[in-house]
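S.K.: So the protein sequences, as listed, match chains X and E. When we follow the working numbering, the leftmost residue of the first sequence carries the number 1, and every step to the right adds one. When we follow the working numbering, the leftmost residue of the second sequence carries the number 1, and every step to the right adds one.
Bear in mind the hints are in silico, worked out from the structure with no lab data behind them. Ideal placement from N, C-alpha and C gives every residue a C-beta, glycine not left out. Check the hints yourself; a few may be wrong.
[Stated by the list, open to error] Derived Cβ-Cβ restraints for the label pairs, each shown as a range:
| hint | chain 1 | residue 1 | chain 2 | residue 2 | range |
| --- | --- | --- | --- | --- | --- |
| 1 | X | E268 | E | L5 | 53 to 61 angstroms |
| 2 | E | Q203 | X | D147 | 42 to 50 angstroms |
| 3 | E | A259 | X | E229 | 37 to 45 angstroms |
[To be verified] Over the 12 angstroms line for every Cβ pair with chain E, so calculated as not near, a few chain X residues:
| hint | residue |
| --- | --- |
| 4 | F29 |
| 5 | K47 |
| 6 | A49 |
| 7 | L78 |
| 8 | P148 |
| 9 | R151 |
| 10 | G183 |
| 11 | S199 |
| 12 | F210 |
| 13 | D221 |
| 14 | A263 |
| 15 | A280 |
| 16 | E321 |
| 17 | S350 |
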Amino acid sequence: MNLTFTEEQLALRAEVAAFLDEERAAGSFTPRVDAWITGFDRGFTKKMAARGWIGLTWPSRYGGGGRSYVDRLCMTELLLAAGAPLAAHWFADRQMGPSILAHGTEAQKERYLPEILAGEVTYCIGMSEPQAGSDLAGVRTRAVPSDPGWRITGHKIWTSLAHHSDYIYVLARTDPASERHDGLSEFIVPLRSEGVTISPIHDMSGAHHFNEVFLDEVLVDGDALIGTEGGGWRQITGQLGYERAGLERFMSTWALFEAMRAAVGDDERRQEELGALEAAARVARLLVFRAAAVADSGRPPDHEAAMAKVFATDIEQKMVEVASQWAGRAARTGEAFGGHLLPAWLIAPSFSIRGGTNEVLRGIIARRGLGL
Amino acid sequence: MDFTLTDDQGAVTEAAAQVAGAADPWGALADGGWLDILLEDDRGLGYLGLVAEALGAAGVAVPLVGTAVVWPTLFGGSAGGRRVGVADAVDGDGAASGSSGLLCEDGVGAEVVVVLGDGVAEIHETFAAEGIAGLEGDGLARVRLEGPAADRCKDPELVAEARRRAAAVTAAEMAGAIDRIATMTAAYVTERQQFGRPISAFQVVAHGAARLATLAEAATWAARLACTSADPSDTAAAKGWISAASAEAVALGHQLHGAIGFTEEYGLQRLSKRLRTLRFAFGDDRFHHRTLGRRSA
Numbered sequence: 001m002n003l004t005f006t007e008e009q010l011a012l013r014a015e016v017a018a019f020l021d022e023e024r025a026a027g028s029f030t031p032r033v034d035a036w037i038t039g040f041d042r043g044f045t046k047k048m049a050a051r052g053w054i055g056l057t058w059p060s061r062y063g064g065g066g067r068s069y070v071d072r073l074c075m076t077e078l079l080l081a082a083g084a085p086l087a088a089h090w091f092a093d094r095q096m097g098p099s100i101l102a103h104g105t106e107a108q109k110e111r112y113l114p115e116i117l118a119g120e121v122t123y124c125i126g127m128s129e130p131q132a133g134s135d136l137a138g139v140r141t142r143a144v145p146s147d148p149g150w151r152i153t154g155h156k157i158w159t160s161l162a163h164h165s166d167y168i169y170v171l172a173r174t175d176p177a178s179e180r181h182d183g184l185s186e187f188i189v190p191l192r193s194e195g196v197t198i199s200p201i202h203d204m205s206g207a208h209h210f211n212e213v214f215l216d217e218v219l220v221d222g223d224a225l226i227g228t229e230g231g232g233w234r235q236i237t238g239q240l241g242y243e244r245a246g247l248e249r250f251m252s253t254w255a256l257f258e259a260m261r262a263a264v265g266d267d268e269r270r271q272e273e274l275g276a277l278e279a280a281a282r283v284a285r286l287l288v289f290r291a292a293a294v295a296d297s298g299r300p301p302d303h304e305a306a307m308a309k310v311f312a313t314d315i316e317q318k319m320v321e322v323a324s325q326w327a328g329r330a331a332r333t334g335e336a337f338g339g340h341l342l343p344a345w346l347i348a349p350s351f352s353i354r355g356g357t358n359e360v361l362r363g364i365i366a367r368r369g370l371g372l
Numbered sequence: 001m002d003f004t005l006t007d008d009q010g011a012v013t014e015a016a017a018q019v020a021g022a023a024d025p026w027g028a029l030a031d032g033g034w035l036d037i038l039l040e041d042d043r044g045l046g047y048l049g050l051v052a053e054a055l056g057a058a059g060v061a062v063p064l065v066g067t068a069v070v071w072p073t074l075f076g077g078s079a080g081g082r083r084v085g086v087a088d089a090v091d092g093d094g095a096a097s098g099s100s101g102l103l104c105e106d107g108v109g110a111e112v113v114v115v116l117g118d119g120v121a122e123i124h125e126t127f128a129a130e131g132i133a134g135l136e137g138d139g140l141a142r143v144r145l146e147g148p149a150a151d152r153c154k155d156p157e158l159v160a161e162a163r164r165r166a167a168a169v170t171a172a173e174m175a176g177a178i179d180r181i182a183t184m185t186a187a188y189v190t191e192r193q194q195f196g197r198p199i200s201a202f203q204v205v206a207h208g209a210a211r212l213a214t215l216a217e218a219a220t221w222a223a224r225l226a227c228t229s230a231d232p233s234d235t236a237a238a239k240g241w242i243s244a245a246s247a248e249a250v251a252l253g254h255q256l257h258g259a260i261g262f263t264e265e266y267g268l269q270r271l272s273k274r275l276r277t278l279r280f281a282f283g284d285d286r287f288h289h290r291t292l293g294r295r296s297a
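With the rest of the complex left out, here is chain E:
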């Protein structure tokens, strides 16, 4: 139990912040070798979690999870820099998705789509993707498959592991976004003056900012544990708890920002939308809570 970042972890965090701040974050991810890190380093998932935190904090939506996590886990090789979208065809309650197409994470602009089924995963290279209005900036698309699978992974253990890792890294991205909301809000309530003083002077506002900081701290460590542990319960706990907490963080962040946070121009909405998308990706709070509860009972 050591909570200090090691030198290599610190270096990853620094590099990740540069990637997230780059004009072309996707290109920077590829150039930095992050997309194949899982194949090259057994600490790769932990590193990808730190990268995802930085992307989450910046509100940058790129197909990191499909390309750098799901693909190499299932197929043991590199996706070759292609943007990989991921459609989970089995939703949390075990029912197949409807005939209107599959909801696909990072489906907007995807060059290839991995469909996760029940114990099997398929690669699809011909498909039509349509962004979901309102959240298209987050890559969420409805995907219609237009041909047979190009390849399959029929190992249920690998499919389960791909889902677990995807949930862990998604949780890390959400933790980054929640942390950014907490930081932005603490700064805003200090600057914003009403009734002749900063609104942080009002206890209820200060306590709201304290709650946000607590959610951020908790989310960060939960995600870091999930990305460095092989125990699926750590991932279920992290993705489940962070998903539920994200709704609270978004609501509280908006409430404490007032009207400005609701505008397109101000950065908060970027984080809110990203969290809305990721909350339901790779298992929402209810799904992971039930998984954990079943295991714990």
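Pulled out of the complex, with its shape left as it was, chain X reads as follows:
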């Protein structure tokens, strides 16, 4: 146990901090809440790619940085704190790349990874369906063998960034006789394929990042299937661990937190409330780093990731509530806390829903963490 950064990690952080200073000075982005999912900026992503910061944890023989998941957090912590636009590569870097690395063939790795590493392609996540939300094993999208590969038909929903994406990573049923967790497989489907329709869903802030994605007899080649036919559930469990075990689970609102810091002054009650949030955020950070350390030990974090996400999103929502109390009447305006409060409040309900609801995650902690 050594809960400090190594020299190498500090050096990486210094590089990232210097890059962010340059970008801010050049006005390349404006810090805002939830920028890792809504800040779509291909140029920014390519700058990160040029520095080797996409695929930092991937093996060097596939062009990755060959570094640890803890190292990746050392970097993403600063990017998230800055409210930098990361959406163009975030999902692929966080979970599709690792999944292709873990389950893909050599040919698939050679085909899909270089363009992610170059920051040239964006992936979205094709898991949820209208009747399969928390109960993901209820997916009805089906893939039928069809020369030279598969025909996929189904209806995905809550697909963030589909309208900006090149690929959707689809969970589909390949065995029509199967039920629940069996007979599911994962596919990489190019969104420019014939039969794909993307339809926007505006969230309660009015923003468009969600979509519905309709797949109508979409033909993909045999190489689109990642991993084992029928083994998709096991694969996806690992992916969800990576999805949940990130610092974005409490740092989506960091721009708001910085604005709160500036608004404390000599008010003792605010000092105490800010301190309570800061203390909880520091604890959340340790849980996230611990989940990354589990990933570094050679398996995807599971109940550890669930624990970190439940804990962290709770704090993220508390931040919004405390800021609202401080702002009072002005909480309803777009000016409060540097303009960050209202946008944060408008997305806050999603924190404990996206990537697994807190109810589902508590079930994972109870079953797989405690064996209940």
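Following the hints, put chain E in place on chain X, whose structure we already have.
M.R.: Relative to the frame of chain X, chain E by itself:
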């Protein structure tokens, strides 16, 4: 950032579990050399944190913090195996304690008392200590000083460091107790049958156990960081967060245990009382939150 215990840390954890389980834990602490470890090893505070976790898990109340942490920090030497009680004469809001005496951590059975003041600390060898009814098993006493100080530490930095280290090791002891509550509760809800099934089959019960496990995990790492870091903000975050979490853990542990947890015979009350005592020792949640908030603003 490495979360695996090193060989030496693992050895400390094993030894600490034996100390906590010994018939005479205080004697075992002295025999094991733990009381002077801060003077002998620059990793001493981290080791004492692991020892405190084990004591906390066992619900064993001994004057570890006064003897092994506060005394050597202030005076640079060993307390010679004496049981050291610690009275903080400046409470969280900066007001001096009342004339009815000072609340003293580990004051029951203390052989010497250190009084922490504003930038100064005093050693008192003549005093009268009276246990606080209901929590006397945790050493909490009201202490009346009966003479001048035998010695003083007038270095405000050392006094501040003694408070910081005391809070860090106290946080570790609390983490141990919270972890034990979480483990006991998970086991209990699996064994206890009602309505023809284990009560863990009810989602609300399982989720309560999951919350307890999360509090325990979070407390453990927060305390371990505080005990191995020199940054006072890490300690303020740990003692503040763990103090607040301890109240939730105690309430949830009792709720999920039902009536049995409320009895004197069952072990849960030992942990509840210990956490009640330690929550307010060396700065409670509000005090540390305000400290951290002031620094962070």
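S.K.: Evaluate each hint against the coordinates.
M.R.: Here is what the structure says about each hint:
Between E268/X and L5/E the C-beta distance comes to about 39 angstroms, which lies outside the given range of 53 to 61 angstroms. Evaluation of the 42 to 50 angstroms hint for Q203/E and D147/X yields a pass: the beta carbon distance comes to about 47 angstroms. Range check, A259/E to E229/X: Cβ separation about 54 angstroms, and the 37 to 45 angstroms hint is violated. Distance check on F29/X: its Cβ is at least 25 angstroms (rounded) from any Cβ of chain E, clearing the 12 angstroms threshold; non-interface status holds.
Residue-level check passed: K47/X sits 26 angstroms from the nearest beta carbon of chain E, beyond 12 angstroms. The beta carbon of A49/X sits about 25 angstroms from the closest Cβ of chain E, which is more than 12 angstroms, so the claim that it is off the interface holds. L78/X, annotated as away from the interface, keeps every beta carbon of chain E farther than 12 angstroms; the closest lies near 15 angstroms. No beta-carbon of chain E is positioned within 12 angstroms of the beta-carbon of P148/X; the least distance is around 46 angstroms.
Annotated as non-interface, R151/X keeps its C-beta farther than 12 angstroms from every C-beta of chain E; the closest such distance is 39 angstroms. Annotated as non-interface, G183/X keeps its C-beta farther than 12 angstroms from every C-beta of chain E; the closest such distance is 27 angstroms. No Cβ of chain E comes within 12 angstroms of the Cβ of S199/X; the nearest lies about 35 angstroms off, and the non-interface call holds. Non-interface call for F210/X relative to chain E: holds, since the shortest CB-CB distance, roughly 28 angstroms, exceeds 12 angstroms.
D221/X, annotated as away from the interface, keeps every beta carbon of chain E farther than 12 angstroms; the closest lies near 41 angstroms. Once the 12 angstroms rule is applied to beta carbons, A263/X is inconsistent with being away from chain E; the minimum gap is 8 angstroms. With a cut of 12 angstroms on Cβ distances, A280/X falls inside the contact zone with chain E, its closest approach being about 6 angstroms. Consistency note on E321/X: stated as away from chain E, and its beta-carbon is indeed over 12 angstroms from all of that chain's, at 16 angstroms minimum.
Every CB of chain E is more than 12 angstroms from the CB of S350/X (nearest about 20 angstroms), matching its label as outside the interface.
In this structure, the earlier hints numbered 1, 3, 14, 15 are contradicted, and the remaining ones agree with it.
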